[in-house]
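Chains A and B, in that order, are what the protein sequence lines are.
118 is the number that this note's numbering gives the last residue of the first sequence; the numbers go up by one with no jumps.
181 is the number that this note's numbering gives the last residue of the second sequence; the numbers go up by one with no jumps.
Hints may contain errors.
[Unchecked claim] Over 12 Å on every C-beta distance to chain B, these chain A residues come out as not near it, computed from the model:
| hint | residue |
| --- | --- |
| 1 | Lys10 |
| 2 | Gln11 |
| 3 | Leu16 |
| 4 | Ser17 |
| 5 | Ile23 |
| 6 | Lys43 |
| 7 | Glu47 |
| 8 | Lys73 |
| 9 | Pro84 |
| 10 | Ser90 |
| 11 | Val92 |
| 12 | Ala99 |
| 13 | Thr115 |
[Claimed, not checked] Okay, derived cross-link-like pairs now, DSSO-like style, lysine-lysine, Cα gap no bigger than 30 Å in a straight line:
| hint | chain 1 | residue 1 | chain 2 | residue 2 |
| --- | --- | --- | --- | --- |
| 14 | A | Lys73 | B | Lys129 |
| 15 | B | Lys129 | B | Lys85 |
| 16 | A | Lys10 | B | Lys129 |
| 17 | A | Lys42 | B | Lys85 |
| 18 | A | Lys76 | A | Lys61 |
| 19 | A | Lys10 | A | Lys76 |
| 20 | B | Lys85 | B | Lys120 |
| 21 | A | Lys10 | B | Lys106 |
| 22 | B | Lys79 | B | Lys131 |
| 23 | B | Lys79 | B | Lys106 |
| 24 | A | Lys59 | A | Lys76 |
| 25 | B | Lys131 | A | Lys10 |
| 26 | A | Lys42 | B | Lys106 |
| 27 | A | Lys76 | A | Lys42 |
| 28 | B | Lys106 | A | Lys61 |
| 29 | A | Lys76 | B | Lys79 |
| 30 | A | Lys73 | A | Lys61 |
Worth flagging that the hints you see were computed from the coordinates, not collected in a lab.
These figures come from a predicted structure and were not determined experimentally.
Beta carbons: idealized from backbone N, C-alpha and C, even for Gly.
These are the residues of each chain, in order.
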Amino acid sequence: DQQVKQNSPSLSVQEGRISILNCDYTNSMFDYFLWYKKYPAEGPTFLISISSIKDKNEDGRFTVFLNKSAKHLSLHIVPSQPGDSAVYFCAASAMSSARQLTFGSGTQLTVLP
Amino acid sequence: GAVVSQHPSWVICKSGTSVKIECRSLDFQATTMFWYRQFPKQSLMLMATSNEGSKATYEQGVEKDKFLINHASLTLSTLTVTSAHPEDSSFYICSASTGTAAYEQYFGPGTRLTVT
Numbered sequence: 006d007q008q009v010k011q012n013s014p015s016l017s018v019q020e021g022r023i024s025i026l027n028c029d030y031t032n033s034m035f036d037y038f039l040w041y042k043k044y045p046a047e048g049p050t051f052l053i054s055i056s057s058i059k060d061k062n063e064d065g066r067f068t069v070f071l072n073k074s075a076k077h078l079s080l081h082i083v084p085s086q087p088g089d090s091a092v093y094f095c096a097a098s099a100m101s102s103a104r105q106l107t108f109g110s111g112t113q114l115t116v117l118p
Numbered sequence: 066g067a068v069v070s071q072h073p074s075w076v077i078c079k080s081g082t083s084v085k086i087e088c089r090s091l092d093f094q095a096t097t098m099f100w101y102r103q104f105p106k107q108s109l110m111l112m113a114t115s116n117e118g119s120k121a122t123y124e125q126g127v128e129k130d131k132f133l134i135n136h137a138s139l140t141l142s143t144l145t146v147t148s149a150h151p152e153d154s155s156f157y158i159c160s161a162s163t164g165t166a167a168y169e170q171y172f173g174p175g176t177r178l179t180v181t
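Please construct the entire structure, taking both the sequences and the accompanying hints into account.
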């Protein structure tokens, strides 16, 4: 049973436009959410996170939105750049095990020049 | 800072043999390291949590005797796949934690294991 789901395996966006990556979760115990970026042959790198007490967190071109009632979060990248092309993983953790992460299956983002 | 390395990056072994994968935190000490497994097009699945100087905690469904984890020092954890079979072929990724927060986890580049 997948507790964190990324239903879009891939997304293509034109350079300069907005990229929106979505993630849904089922476990109501999750209260901290993270986005990771992964290039081929490299490990995931932390991008941005959000606590359940917030509904938005922004860091430069990256903004994460959390809708607790819908158990949904999204990552917005604007403007998108070709260097953003990578696999993006959504992950979640619960207070009871703050460092144990449950990952989604990832979304391959391709930003077209 | 916070660099994690894995060795080897890619290994092919014959069915029935054992393979050891190393995970090292290069510029920090990690009391906790995690081992994940990833199948193609799927998520990273946590296999076990490794604490320095103590036995690893395995996730449900992960065979302890098959996937031996040793966290001998604050900078090194090893995963040994014993008596490997083709179904063990996968991408294994480790991470090392610098603190108690979920985001304070840094990932290695992964090891591609192919069992023939």
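Hint check:
1. Residue placement check: Lys10(A) does not keep its beta carbon more than 12 Å from all beta carbons of chain B (closest about 9 Å).
2. Non-interface status of Gln11(A) relative to chain B is broken: a Cβ of that chain comes within 12 Å, the nearest being about 8 Å off.
3. Distance to chain B confirms Leu16(A) as a non-interface residue, since its nearest Cβ pair spans about 15 Å, more than 12 Å.
4. Distance check on Ser17(A): its Cβ is at least 17 Å (rounded) from any Cβ of chain B, clearing the 12 Å threshold; non-interface status holds.
5. With 12 Å as the threshold on Cβ separation, the claim that Ile23(A) sits away from chain B holds: the shortest Cβ distance comes to roughly 24 Å.
6. Distance check on Lys43(A): its Cβ comes as close as 8 Å (rounded) to a Cβ of chain B, failing to clear the 12 Å threshold; non-interface status is violated.
7. Its closest Cβ contact with chain B, about 5 Å, brings Glu47(A) to no more than 12 Å, contrary to its assignment away from the interface.
8. Against the 12 Å criterion, Lys73(A) stays outside the reach of chain B, whose nearest CB is about 17 Å from its own CB.
9. For Pro84(A), the requirement that its beta carbon stay farther than 12 Å from each beta carbon of chain B is met, with the minimum near 25 Å.
10. Interface exclusion of Ser90(A) from chain B stands, the closest Cβ pair being 17 Å apart, more than 12 Å.
11. For Val92(A), the shortest C-beta to C-beta distance to chain B comes to about 10 Å, within the 12 Å cut-off, and the non-interface label is violated.
12. For Ala99(A), the condition that its CB be more than 12 Å from all CB atoms of chain B is violated, with the nearest at approximately 9 Å.
13. Every C-beta of chain B lies more than 12 Å from that of Thr115(A), the closest at about 15 Å, which supports listing it as non-interface.
14. For the hint pairing Lys73(A) with Lys129(B), the CA-to-CA distance comes to about 36 Å; that exceeds 30 Å, so the pair is violated.
15. Taking the CA atoms of Lys129(B) and Lys85(B), the gap is about 15 Å. The hint holds against a cut of 30 Å.
16. Only pairs whose Cα atoms come within 30 Å are accepted, and Lys10(A) paired with Lys129(B) is accepted, the gap being roughly 27 Å.
17. Distance hint between Lys42(A) and Lys85(B) is fulfilled; the C-alpha atoms sit about 27 Å from each other, no more than 30 Å.
18. As the CA atoms of Lys76(A) and Lys61(A) are separated by approximately 14 Å, the hinted pair is consistent with the 30 Å bound.
19. The suggested pairing of Lys10(A) with Lys76(A) holds, with an alpha-carbon distance near 11 Å, which does not exceed 30 Å.
20. Using a Cα cut-off of 30 Å, the hinted pair Lys85(B) and Lys120(B) holds, with the two alpha carbons roughly 17 Å apart.
21. Pair hint Lys10(A) plus Lys106(B) holds up; C-alpha atoms about 12 Å apart against a cutoff of 30 Å.
22. For the hint pairing Lys79(B) with Lys131(B), the CA-to-CA distance comes to about 15 Å; that is within 30 Å, so the pair holds.
23. Restraint check for Lys79(B) and Lys106(B): satisfied, since their Cα atoms lie roughly 25 Å apart, inside the 30 Å limit.
24. Simply put, Lys59(A) and Lys76(A) have alpha-carbon atoms about 13 Å apart, close enough for the 30 Å limit, and the pair holds.
25. About 29 Å separates the Cα atoms of Lys131(B) and Lys10(A), which keeps this hinted pair within 30 Å; it holds.
26. Between the alpha carbons of Lys42(A) and Lys106(B) the distance comes to roughly 15 Å, so the proposed pair stays at or under 30 Å and holds.
27. Among the hinted pairs, Lys76(A) with Lys42(A) is consistent with the structure: their alpha-carbon atoms are about 21 Å apart, no more than 30 Å.
28. A C-alpha spacing of about 28 Å is found between Lys106(B) and Lys61(A), which places the hinted pair at or below 30 Å, so the restraint holds.
29. Our distance criterion of 30 Å between C-alpha atoms is broken by Lys76(A) and Lys79(B), whose separation comes to about 44 Å.
30. Restraint check for Lys73(A) and Lys61(A): the C-alpha separation of about 11 Å stays at or below 30 Å, so the hint holds.
Violation of the numbered hints given earlier is confined to hints 1, 2, 6, 7, 11, 12, 14 and 29; the remaining hints are satisfied by the structure.
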